[in-house]
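*Asks:* The primary structure of each chain is shown beneath.
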Amino acid sequence: MNEQKQVGAGDRLEKAVEELEAAEGRLVEARKEEAAAEHDIAEAVKVIKEEEKRQEAEVHVIHVNEVEKATFREKLTATLQQVWNKSYDELKIQRRPKDVFQTADEHPKSLMNDLQLTLAEARERHVIKDFCFGIASETGGAGGW
Amino acid sequence: MKPTERPTLDLAAGLKALEEDLPRVVNVLGVTSLSDLGWSRPKPLVLLVPMKATWQGQEDAYLLRLSFEAYRRWPPSARFVNPATQDYVHPDDQHHVPKLTSPECQTHIAYQMNAQAPKMQLICCSATFEFWDVLHDVEEHHMWRGTETFLTTINAIQKAFGSHYQGRF
Numbered sequence: 834m835n836e837q838k839q840v841g842a843g844d845r846l847e848k849a850v851e852e853l854e855a856a857e858g859r860l861v862e863a864r865k866e867e868a869a870a871e872h873d874i875a876e877a878v879k880v881i882k883e884e885e886k887r888q889e890a891e892v893h894v895i896h897v898n899e900v901e902k903a904t905f906r907e908k909l910t911a912t913l914q915q916v917w918n919k920s921y922d923e924l925k926i927q928r929r930p931k932d933v934f935q936t937a938d939e940h941p942k943s944l945m946n947d948l949q950l951t952l953a954e955a956r957e958r959h960v961i962k963d964f965c966f967g968i969a970s971e972t973g974g975a976g977g978w
Numbered sequence: 007m008k009p010t011e012r013p014t015l016d017l018a019a020g021l022k023a024l025e026e027d028l029p030r031v032v033n034v035l036g037v038t039s040l041s042d043l044g045w046s047r048p049k050p051l052v053l054l055v056p057m058k059a060t061w062q063g064q065e066d067a068y069l070l071r072l073s074f075e076a077y078r079r080w081p082p083s084a085r086f087v088n089p090a091t092q093d094y095v096h097p098d099d100q101h102h103v104p105k106l107t108s109p110e111c112q113t114h115i116a117y118q119m120n121a122q123a124p125k126m127q128l129i130c131c132s133a134t135f136e137f138w139d140v141l142h143d144v145e146e147h148h149m150w151r152g153t154e155t156f157l158t159t160i161n162a163i164q165k166a167f168g169s170h171y172q173g174r175f
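Protein chains in written order, with our numbering: chain A, 834 to 978; chain B, 7 to 175.
It is worth saying that the hints were derived from the structure and are not from the lab. Among the hints, a few may not be true.
As the list claims (entries may be wrong) - Calculated cross-link-like contacts (lysine-lysine; reagent style PhoX-like; alpha-carbon spacing at most 20 Å):
#1 B:K125 / A:K962
#2 B:K22 / B:K8
#3 A:K902 / A:K848
#4 A:K942 / B:K8
#5 A:K865 / A:K886
#6 A:K908 / A:K879
#7 A:K886 / A:K942
#8 A:K962 / A:K942
#9 A:K942 / B:K125
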């Protein structure tokens, strides 16, 4: 009778150990899958960030009259008008009525007729060479001669 | 409107303002020294700024001389000079002056304020001393603000080079 009880207890113990080992095996697999999923997530986030970065530009703007400059990131879908508007916020300078938004080349070019273009369009159409801009108040008088 | 006041000279103030503004301009242009820009300062109140532009496929070089005797209450004096002499004598040096025809900036090689006045080079732009010295008509919004710097002057001239340059005189 006692022997039968001991045999029964031994079987249960053996079964429990087997189940424990099986569970541990499944846990190892689950951890592998978790690690793989985390890796996939990190890769996906990296791709998304790179894509976002590709769709953005680092904009540099100089305010000629106030001798100030600012750098900020902007979506390539932003229009030159939006970039111009944001420039004042970044520069913390108030817009003046006769301000002109222009390129920052050796020979600055007015962008006032192209303000509806996005950064991407302006670059594609060679209106701008880069994302460096200037703000300068109009000068004048020469037309009066 | 006609300006009622001609600029007055104040060399000490000009030198002080130039000393203040030079580092600001150098910094905002992203360099560390004047020589990085190709500019030079042969005298305390003089700045030489090389400029170039292309006309009919040919690149032309010029030298802009800025001086600061009435600065910053008034813009710097500006004229194109012979690089060899760093001066301008009409008519010998007129080919050292670019033809700029922008509404914002126009060059004259021998301007006379009146029949008795000597002929002078005039960079006709509200960001030059000479513009105010000849009492040129001016719009209210083109008034020179005493907080502006010589970068405004250089920018106006470089912009005219880009859009309204027609070769040498």
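*Asks:* The structure should be examined with respect to each hint, and the outcome stated for every one.
*Replies:* Checked hints:
Under the criterion of a C-alpha separation no larger than 20 Å, the hint pairing K125 of chain B with K962 of chain A is inconsistent with the structure, at around 41 Å. Between K22 of chain B and K8 of chain B the CA atoms are separated by roughly 29 Å; this puts the pair beyond 20 Å, and the hint is violated. For the suggested pair K902 of chain A and K848 of chain A, the alpha carbons sit about 75 Å apart, so the restraint of at most 20 Å is broken. In summary, the hint linking K942 of chain A to K8 of chain B is not supported, as the alpha carbons are separated by about 29 Å, beyond the 20 Å threshold.
Restraint check for K865 of chain A and K886 of chain A: not satisfied, since their Cα atoms lie roughly 31 Å apart, outside the 20 Å limit. Restraint check: the Cα-Cα separation between K908 of chain A and K879 of chain A comes to about 18 Å, which is no more than 20 Å; the hinted pair holds. This hinted pair does not check out: K886 of chain A and K942 of chain A have alpha carbons roughly 27 Å apart, beyond 20 Å. Of the pairs offered as hints, the one joining K962 of chain A and K942 of chain A holds, with about 11 Å between alpha carbons and a cut-off of 20 Å not exceeded.
In summary, the hint linking K942 of chain A to K125 of chain B is not supported, as the alpha carbons are separated by about 32 Å, beyond the 20 Å threshold.
Figure legend: structure checked against the earlier numbered hints; hints not met, in rising order: 1, 2, 3, 4, 5, 7, 9.
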